[in-house]
Amino acid sequence: MNPAVVGTRPGVSRPGLLFAALGLAGLAQPFVQFRANRIVAGEGLSLPDALGPWGWAVAAALTGALAMAIPVRRPAPAGLVLALAGLLGVILFAGAAAGALVPEGDRIARVSLGAGFWLLLAAFALALADALSRLALRPAWRWALLAGAVVAGALILGTGLMDDLSVMREYAARRDTFWREAQRHLMLAFGSLGAALAVGLPLGILVHEAPRLRGAVLGVLNVVQTIPSLALFGIMIPLFGWIAASVPGAAAAGIAGIGAFPALVALFLYSLLPVVSNLLAGLAGVPPGVREAAAGLGMTRAQTLAQVMIPLTLPVLLAAVRIVLVQNIGLAVIAGLIGGGGFGSFVFQGLNQTAMDLVLLGALPTIALALVSGIALDLALEGIDPRKVRA
Amino acid sequence: MTGRLALGLAAILLLAFLLSPESFAPLLRPLTRNGAPPVYTQTSLLSLTFSHLGMVAGAVLAASVLAVGFGVLVTRPFGRDFLPLARTVASVGQTFPPVAVLALAVPVMGFGTGPTLLALFLYGLLPIFENTLAGLTNLPPQVIEAARGMGMTPAQRLWRVELPLALPVILSGVRLSAVIALSTATIGSTVAARTLGEVIIAGLLSSNTAFVVQGGIVVGILALLIHAGFRWIEGRAAGWTRARS
Amino acid sequence: MIEIEHLTKRYGALAAVDDVSLTVERGQIAALVGTSGSGKTTLLRMINRLVEPTSGRVRIDGTDTAALPPHLLRRRIGYAIQGHGLFPHRTVAQNIATVPRLLGWDRARIAARVDELLELFQLPPAEFRDRMPHQLSGGQQQRVGVARALAARPDLLLMDEPFGALDPVIRAQAQTDLRRIQRELGTTLVIVTHDMAEAITLGDRIAVMEQGRLLQYAPPREILTAPATPFVARLIGRDERPFHLLSLTCVADLIQPGEAEGPPLAPGASLRDALSLCLWTGRAALPVEGGGVVTLEALRRAAEGRSP
Numbered sequence: 001m002n003p004a005v006v007g008t009r010p011g012v013s014r015p016g017l018l019f020a021a022l023g024l025a026g027l028a029q030p031f032v033q034f035r036a037n038r039i040v041a042g043e044g045l046s047l048p049d050a051l052g053p054w055g056w057a058v059a060a061a062l063t064g065a066l067a068m069a070i071p072v073r074r075p076a077p078a079g080l081v082l083a084l085a086g087l088l089g090v091i092l093f094a095g096a097a098a099g100a101l102v103p104e105g106d107r108i109a110r111v112s113l114g115a116g117f118w119l120l121l122a123a124f125a126l127a128l129a130d131a132l133s134r135l136a137l138r139p140a141w142r143w144a145l146l147a148g149a150v151v152a153g154a155l156i157l158g159t160g161l162m163d164d165l166s167v168m169r170e171y172a173a174r175r176d177t178f179w180r181e182a183q184r185h186l187m188l189a190f191g192s193l194g195a196a197l198a199v200g201l202p203l204g205i206l207v208h209e210a211p212r213l214r215g216a217v218l219g220v221l222n223v224v225q226t227i228p229s230l231a232l233f234g235i236m237i238p239l240f241g242w243i244a245a246s247v248p249g250a251a252a253a254g255i256a257g258i259g260a261f262p263a264l265v266a267l268f269l270y271s272l273l274p275v276v277s278n279l280l281a282g283l284a285g286v287p288p289g290v291r292e293a294a295a296g297l298g299m300t301r302a303q304t305l306a307q308v309m310i311p312l313t314l315p316v317l318l319a320a321v322r323i324v325l326v327q328n329i330g331l332a333v334i335a336g337l338i339g340g341g342g343f344g345s346f347v348f349q350g351l352n353q354t355a356m357d358l359v360l361l362g363a364l365p366t367i368a369l370a371l372v373s374g375i376a377l378d379l380a381l382e383g384i385d386p387r388k389v390r391a
Numbered sequence: 001m002t003g004r005l006a007l008g009l010a011a012i013l014l015l016a017f018l019l020s021p022e023s024f025a026p027l028l029r030p031l032t033r034n035g036a037p038p039v040y041t042q043t044s045l046l047s048l049t050f051s052h053l054g055m056v057a058g059a060v061l062a063a064s065v066l067a068v069g070f071g072v073l074v075t076r077p078f079g080r081d082f083l084p085l086a087r088t089v090a091s092v093g094q095t096f097p098p099v100a101v102l103a104l105a106v107p108v109m110g111f112g113t114g115p116t117l118l119a120l121f122l123y124g125l126l127p128i129f130e131n132t133l134a135g136l137t138n139l140p141p142q143v144i145e146a147a148r149g150m151g152m153t154p155a156q157r158l159w160r161v162e163l164p165l166a167l168p169v170i171l172s173g174v175r176l177s178a179v180i181a182l183s184t185a186t187i188g189s190t191v192a193a194r195t196l197g198e199v200i201i202a203g204l205l206s207s208n209t210a211f212v213v214q215g216g217i218v219v220g221i222l223a224l225l226i227h228a229g230f231r232w233i234e235g236r237a238a239g240w241t242r243a244r245s
Numbered sequence: 001m002i003e004i005e006h007l008t009k010r011y012g013a014l015a016a017v018d019d020v021s022l023t024v025e026r027g028q029i030a031a032l033v034g035t036s037g038s039g040k041t042t043l044l045r046m047i048n049r050l051v052e053p054t055s056g057r058v059r060i061d062g063t064d065t066a067a068l069p070p071h072l073l074r075r076r077i078g079y080a081i082q083g084h085g086l087f088p089h090r091t092v093a094q095n096i097a098t099v100p101r102l103l104g105w106d107r108a109r110i111a112a113r114v115d116e117l118l119e120l121f122q123l124p125p126a127e128f129r130d131r132m133p134h135q136l137s138g139g140q141q142q143r144v145g146v147a148r149a150l151a152a153r154p155d156l157l158l159m160d161e162p163f164g165a166l167d168p169v170i171r172a173q174a175q176t177d178l179r180r181i182q183r184e185l186g187t188t189l190v191i192v193t194h195d196m197a198e199a200i201t202l203g204d205r206i207a208v209m210e211q212g213r214l215l216q217y218a219p220p221r222e223i224l225t226a227p228a229t230p231f232v233a234r235l236i237g238r239d240e241r242p243f244h245l246l247s248l249t250c251v252a253d254l255i256q257p258g259e260a261e262g263p264p265l266a267p268g269a270s271l272r273d274a275l276s277l278c279l280w281t282g283r284a285a286l287p288v289e290g291g292g293v294v295t296l297e298a299l300r301r302a303a304e305g306r307s308p
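Protein chains in written order, with full-length UniProt numbering: chain L, 1 to 391; chain D, 1 to 245; chain X, 1 to 308.
Be aware that one or more of the hints could be misleading.
Some residues of chain X that are not near chain L, with every Cβ distance over 10 Å (derived) [unchecked claim]:
#, residue
1, M1
2, R76
3, G83
4, G104
5, A111
6, R113
7, E116
8, Q140
9, D177
10, L185
11, T229
12, E261
13, S270
14, G292
15, L296
16, E297
Now the stretches of chain D that chain L is said to cover, found in silico as 3 or more residues with beta-carbon under 8 Å [said to hold, decoys possible]:
#, stretch
17, 76-90
18, 98-106
19, 185-191
20, 198-205
21, 210-219
Counterexamples of contact, computed for chain L against chain X with all Cβ distances above 10 Å [as the list claims (entries may be wrong)]:
#, residue
22, A57
23, M162
24, A250
No lab work stands behind these hints: they were computed from the structure. The structure presented is a predicted model; accordingly, all values stated were derived computationally and were not measured. Glycine is no exception: its CB is placed at the ideal position from the N, C-alpha and C atoms.
Model the full structure from these sequences, guided by the hints.
Take a look at the structure:
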């Protein structure tokens, strides 16, 4: 029984109508932008403009796929396949259109993605989200889908199908820098997470054992969390510059007012609140009877904490890791503005040079990274039922 | 209590600084080098603050109206088809980094205030929407049952029971949006929006620590005041609903 | 044997437990009864030092409990509470093995003990060993909770409203089982309850508490027939007293020679059951298995508190 049947005119799925309308609007918009070089104004081209007669066929096929989202009687798995095929098609045809438009050997002409592409992408992505939420697949299947999407993405990019698009041109021009910044971005996001766990867990346990500290610690962390990122990142630079210059041995220990260090510390500070407050909530959520039983059976405080409290807090901690990781992958972009590196350096370079493709080169991987981490950790979170964690 | 006192002092300090920044010059001078100006004067700090807050208020207000409207729609019988989709979009959408949303708004809107407003608005939608959904779908079933039993029409139920009960949760979504918007607006100055981020970035570009610190502190205090203000309103709202239900 | 001597617990000016002394003989069941806030739970928790006494002392088999580190003391004493307190992240077997593992028993010995206890509580080990607590019914969870408390063969078992969360049918069964297992193992048992009927069913002696003070500590019959204060009498309930009294004695003790109509009664049935059957069937005498009868007249006399 399809839940979409409830309260709907017979035969029509309203979300399906929305996706179709969005997609058709996309087909009416320029699919790609063509520019003879990096500077001149672009010319919007529809699918038929770009691919000739093939373009008409592709547009027709996409229209068909969108139309098939409308009927309600369509089995749900078919909706999933349709959405996936549509997404894949939109991406591959963008690559193909670029290939067809750029003359062989031309290194100057630029083909960037147009409004039509983004609207079609959004239409199929929404259809995919809808199909997935209706299907309620088992976690194993969703893990497989996520892995499949990552592998497919790597294959599409790796095989050079998209190489004529200007984002990929930007990538090709700075391949080495790109991977160095990617490493730096991951280091910033995961390094600050690791540091926040290393400091936040003992801090949380301390506050739990000494509740008088609770108000002060959470108050300070709340204030830190509220300070806008650019301000916090900015203040770290003079602060650590001063420390490096005036505290003996600080510079030798790697403390510096420039580079990644201030960014790492700022991210670390942002991460502390979710870790500590989730840990505290988790510890407080352990049923009093369980705690009482642990003490009554003769466990020491340390044993109670290690064998009972912490294992039961695991899901809440994993939720904190999800919050922190997604937040830090996004905030690490700001590091690019203060010379801390990461994908943000492309974003801000691009904004400075009004080179939108360079902005995309920084923004798209960041979004992909945040999306994949967020979904993966959501799945992991669903997988661990506190009651099934084995000690 | 000490928290409130500190907040009040911070507010007074902020007001004094914005009205007469020059009188703080002696405090900030030690942070400068080579005779650089200690106080940002290219644009009046007060007007930057107004422009910054205006942008945040406009974006959050528009986002609130739309997000609460959507939230109400998808929880009504005729919008139920969209509920699963709406939940997914709300949770997945929030993994999009605000800075990336800002950067991606530039190709659509060009430089200036436009992309920042768009990004603030788009990013502001999701927390409010998600909280509206949470508030409207987690209402105690007995209360809704009782409202039906008393013969309220669906519209009366919405206005007199569901929305008032969901209000504290919705407001905390608005608070989240406002704090994120304040932060993202700061970065908006990289795409030429007139915000307080301008001061920080000017400081970063000219290695003038005094600029970075004054920009950072002004935005920081604003964020704390907004946060505390919303917390207070949420508390009051929770009190009203408890008193009324 | 537990000797509680002048035990007091003060919270500020308030005495939660006020100068209580009592002795529980080895292998006996002491039931602590009182309204909520009477101090019965605090008294229980001072025995295994989950609450430290303000003054007074507790001796177990002659040893002062204050002489031992609390966690080592608790490993020697079984402890079961209302709502069982099972560790939700551990299997039934792991839960039962908690104290043996703390004591460093070897793997084989622990496994054997777990199976033995599951058998004792009528939970087939092969079926229940690897279940998680949330996969059990309320009655099963409660049995696992008691099994866990008994795992390291403690001589003393403390229970705080262990059956509080069970429905009446399962509760009666659990009480019978507890009584059987306690007699089998010879464990000394102190149980806290607010239910006088439960205290009468289980207790060899009943301690009635009010506002931190011990009002009366006596066998059930004495509590029923000679309540020390009006409060004790009120706790028993005036209307309930004859039925409580009848429930203390079994049919075998009241048999008279003679014959009567109808299906015979088991000699182990309580006088309360016999009275109920008499009233329901409208007969003046009931036959007992193995010969003889119980008469309504004899039941009436027993209900007045005179010895049968």
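Against the structure, the hints come out as follows:
Distance check for M1 of chain X against chain L: the nearest CB is about 21 Å away, which clears 10 Å, and the non-interface claim stands. The non-interface label for R76 of chain X is inconsistent with chain L: the shortest C-beta to C-beta separation is roughly 8 Å, within 10 Å. Chain L draws G83 of chain X into its interface by the beta-carbon criterion, the shortest separation being 5 Å against a cut-off of 10 Å. Consistency note on G104 of chain X: stated as away from chain L, and its beta-carbon is indeed over 10 Å from all of that chain's, at 12 Å minimum.
With a least CB separation of 16 Å from chain L, A111 of chain X remains clear of the 10 Å interface cut-off, as annotated. Even its closest Cβ contact with chain L, about 15 Å, leaves R113 of chain X beyond 10 Å, as expected for a residue assigned away from the interface. Listed as outside the interface, E116 of chain X is consistent with that label: its C-beta sits roughly 18 Å from the nearest C-beta of chain L, beyond the 10 Å cut-off. For Q140 of chain X, the requirement that its beta carbon stay farther than 10 Å from each beta carbon of chain L is met, with the minimum near 15 Å.
At roughly 20 Å, the least C-beta separation between D177 of chain X and chain L is larger than 10 Å, which holds for a residue marked as non-interface. Residue-level check passed: L185 of chain X sits 18 Å from the nearest beta carbon of chain L, beyond 10 Å. Listed as a non-interface residue, T229 of chain X keeps its Cβ farther than 10 Å from every Cβ of chain L; the least gap is roughly 32 Å. The beta carbon of E261 of chain X is kept farther than 10 Å from every beta carbon of chain L, the shortest such distance being approximately 52 Å.
Separation of S270 of chain X from chain L is adequate, the least Cβ-Cβ distance of about 33 Å exceeding the 10 Å criterion. Look at G292 of chain X: its CB is around 48 Å from the nearest CB on chain L, clear of 10 Å, so calling it non-interface holds up. With a minimum CB-CB distance of about 47 Å to chain L, L296 of chain X clears the 10 Å threshold, and the non-interface call stands. Distance check for E297 of chain X against chain L: the nearest CB is about 50 Å away, which clears 10 Å, and the non-interface claim stands.
Counting residues of the stretch 76-90 of chain D whose beta carbon lies closer than 8 Å to any beta carbon of chain L gives 10, which meets the minimum of three for the stated coverage. With 6 residues carrying a beta carbon less than 8 Å from a beta carbon of chain L, the stretch 98-106 of chain D meets the three-residue requirement, and the given coverage holds. Only residues whose C-beta sits within less than 8 Å of a C-beta in chain L count toward coverage, and the stretch 185-191 of chain D has 4 of them, enough to reach three; the restraint holds. Using a Cβ-Cβ cut-off of 8 Å, 4 residues of the stretch 198-205 of chain D lie near chain L, which meets the minimum of three, so the contact claim holds.
Counting residues of the stretch 210-219 of chain D whose CB lies closer than 8 Å to any CB of chain L gives 6, so the stated coverage by that chain holds, three being the minimum. Taking the minimum C-beta to C-beta distance to chain X, about 56 Å, the non-interface status of A57 of chain L holds against the 10 Å cut. At the 10 Å boundary, the C-beta of M162 of chain L stays outside the reach of chain X, the nearest C-beta of that chain being 47 Å off. Once the 10 Å rule is applied to beta carbons, A250 of chain L is consistent with being away from chain X; the minimum gap is 43 Å.
This entry does not satisfy hints 2 and 3, going by the numbered hints stated previously.
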